[in-house]
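The whole structure should be built from the sequences, with the hints applied where relevant.
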Amino acid sequence: MSKATKIEKQESSSSIKMLKAMLVIGILSALLIVSAYQLTLPRVQQLKAEALEKAIFKVLPGTISTQAFGINADGELTKLENGDKPESTYYAGYNKNEKLVGYAVDAAGQGYADIIRVLYGYDPKEQILIGFQVLESKETPGLGDKIEKDQRFLDNFKALDVSLTNDRKIKNKVITVKQGEKQNPWEIDGITGATISSRAIGKIIGISTAKDVPILFNNHKKIMDDSKPNEKQTENNE
Amino acid sequence: MSKDNTSSKQEPSNTDEFIKGIWRDNPVFVQVLGMCPVLAVSNTAENALAMGLATAFVLLMSNILVSLLRNFIPKQVRIASYILIIATFVTVTDYAIQAISVELYKSLGAFISLIVVNCLILSRAEAFASKNTVGKSMLDALGMGLGFTFALFCLGAVRELLGNGSIFQFAIFPANFQNWIVMILPAGGFFTLAAWLLIINLIQTRKIKS
Numbered sequence: 007m008s009k010a011t012k013i014e015k016q017e018s019s020s021s022i023k024m025l026k027a028m029l030v031i032g033i034l035s036a037l038l039i040v041s042a043y044q045l046t047l048p049r050v051q052q053l054k055a056e057a058l059e060k061a062i063f064k065v066l067p068g069t070i071s072t073q074a075f076g077i078n079a080d081g082e083l084t085k086l087e088n089g090d091k092p093e094s095t096y097y098a099g100y101n102k103n104e105k106l107v108g109y110a111v112d113a114a115g116q117g118y119a120d121i122i123r124v125l126y127g128y129d130p131k132e133q134i135l136i137g138f139q140v141l142e143s144k145e146t147p148g149l150g151d152k153i154e155k156d157q158r159f160l161d162n163f164k165a166l167d168v169s170l171t172n173d174r175k176i177k178n179k180v181i182t183v184k185q186g187e188k189q190n191p192w193e194i195d196g197i198t199g200a201t202i203s204s205r206a207i208g209k210i211i212g213i214s215t216a217k218d219v220p221i222l223f224n225n226h227k228k229i230m231d232d233s234k235p236n237e238k239q240t241e242n243n244e
Numbered sequence: 002m003s004k005d006n007t008s009s010k011q012e013p014s015n016t017d018e019f020i021k022g023i024w025r026d027n028p029v030f031v032q033v034l035g036m037c038p039v040l041a042v043s044n045t046a047e048n049a050l051a052m053g054l055a056t057a058f059v060l061l062m063s064n065i066l067v068s069l070l071r072n073f074i075p076k077q078v079r080i081a082s083y084i085l086i087i088a089t090f091v092t093v094t095d096y097a098i099q100a101i102s103v104e105l106y107k108s109l110g111a112f113i114s115l116i117v118v119n120c121l122i123l124s125r126a127e128a129f130a131s132k133n134t135v136g137k138s139m140l141d142a143l144g145m146g147l148g149f150t151f152a153l154f155c156l157g158a159v160r161e162l163l164g165n166g167s168i169f170q171f172a173i174f175p176a177n178f179q180n181w182i183v184m185i186l187p188a189g190g191f192f193t194l195a196a197w198l199l200i201i202n203l204i205q206t207r208k209i210k211s
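Chains as they are written, first to last, in our numbering: chain A, 7 to 244; chain B, 2 to 211.
Treat each hint with caution, since some may be false.
The list that follows gives simulated cross-link-like pairs (lysine to aspartate or glutamate, EDC-like), each with its CA atoms no further than 16 Å apart [said to hold, decoys possible]:
id, chain 1, residue 1, chain 2, residue 2
1, A, Lys144, B, Glu104
2, A, Lys209, A, Asp167
3, A, Lys177, A, Asp218
4, A, Lys217, A, Asp173
5, A, Lys54, B, Glu104
6, A, Lys227, A, Glu82
7, B, Lys107, A, Glu56
8, B, Lys107, A, Glu142
9, B, Lys107, B, Glu47
10, A, Lys64, A, Asp112
11, A, Lys175, A, Asp218
12, A, Lys217, A, Asp112
13, A, Lys228, A, Glu82
14, B, Lys107, A, Asp120
15, B, Lys137, B, Glu12
16, A, Lys105, A, Asp231
17, A, Lys60, B, Glu104
18, A, Lys209, A, Asp112
19, B, Lys107, A, Asp151
20, A, Lys209, A, Asp120
21, B, Lys107, A, Glu154
22, B, Lys76, B, Glu127
23, A, Lys184, A, Asp156
24, A, Lys177, A, Glu193
In case anyone wonders, no lab produced these hints; they're calculated from the structure. Because the structure is a prediction, the values reported are computed rather than measured.
And the structure:
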């Protein structure tokens with residue numbers, strides 16, 4: 007009998023030991039992770055903001071400052087304060103004379119490998135797209151990732167027609183065509199060897215422009231009226 | 002038990018603990034461990050180097066902690082404890098890389114989190130750090146980490162050179178060089194690894210013969 011109690015005791019003491027070890031390591035791990043997160047957070051956010059800003063400057067040539075806008079329930083654009091997180095965000099870009107260059111719009115959709123996120127620049131005066139950049143993609147290196155690098159493909163977005171009809175709908179939806187078959191100003195000349203990826207870009211931009219361009223166009227006058235960015239976003243990043 | 006093991010054999014010197022990971026027991030070329038990141042992120046020299054250093058850092062830190070706690074962790078829960086420790090340092094590394102460069106973080110992608118399941122790290126914790134002093138474990142981790150980085154770099158440099166005509170994005174071949182796209186695709190990883198294994202094995206068998 008005494009043997010049995012001894013074994014029992016040993017077992018319970020060893021499980022307490024196990025529990026203690028796991029607990030101590032768990033607490034240690036939690037502390038390390040939380041402090042690493044806290045330490046890197048400001049820098050990570052700064053880098054992300056910088057990357058986004060760089061992309062906005064690229065898709066809206068001549069821009070030197072930006073202002074983020076969200077959209078409220080009535081379909082009106084409202085200026086975003088720091089910390090606001092709306093569903094869709096638009097960025098207005100201003101040049102050095104504080105005149106509006108255009109709007110940058112963030113869009114995403116299914117590519118060949120994963121979701122592709124892109125940013126494109128919209129010029130409401132000419133009603134065209136004036137710039138394009140891939141923000142995130144996992145397309146196949148050497149094939150699908152040509153959508154990021156192929157200059158001929160990127161040239162499609164220097165003046166891509168997205169003009170509206172009188173009842174504020176996109177006249178011709180943006181679409182990707184086969185390489186070399188572009189005939190109309192709203193068509194994107196595709197890439198042979200990156201067929202699916204370049205078509206996906208056409209689709210993403212087609213869907214996004216059909217939804218966002220009318221919103222931006224309707225709000226354009228209002229934004230022009232109370233223009234002049236009173237608070238430049240660039241300042242906190244410098 | 003572990004103590005008996007080490008005392009009965011002749012104690013290897015400190016330099017030996019360090020050197021073995023780089024050449025004789027190289028984790029990639031000899032032990033063939035951790036193939037997932039080796040094949041997946043060795044498509045450019047830069048990615049390979051970053052991945053190697055990230056793994057080496059996790060290996061070093063987890064070896065130190067495992068070695069420090071080796072008398073405190075009960076045998077039954079040792080694997081769980083090691084994984085917890087390794088996962089912690091991987092998460093720390095993940096944040097650190099995010100803070101260093103967004104571009105780098107993007108190109109390494111999911112493979113940073115996958116360092117957790119790199120069997121090289123767990124095997125060093127189990128086979129070495131849990132039985133040796135902190136100093137020796139550090140040397141072992143440094144050697145293995147550098148060996149891993151070196152091997153990844155060997156693969157990455159060759160793949161980038163042939164697949165993109167450059168090393169660290171500096172063009173090496175003239176502009177009219179036809180890139181071997183296959184080398185930066187996953188298949189190229191297998192080809193390059195096979196070629197390196199062939200070369201390394203050739204060298205080592207020659208050594209034994211002579």
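So which of the earlier hints does this model not fit?
none
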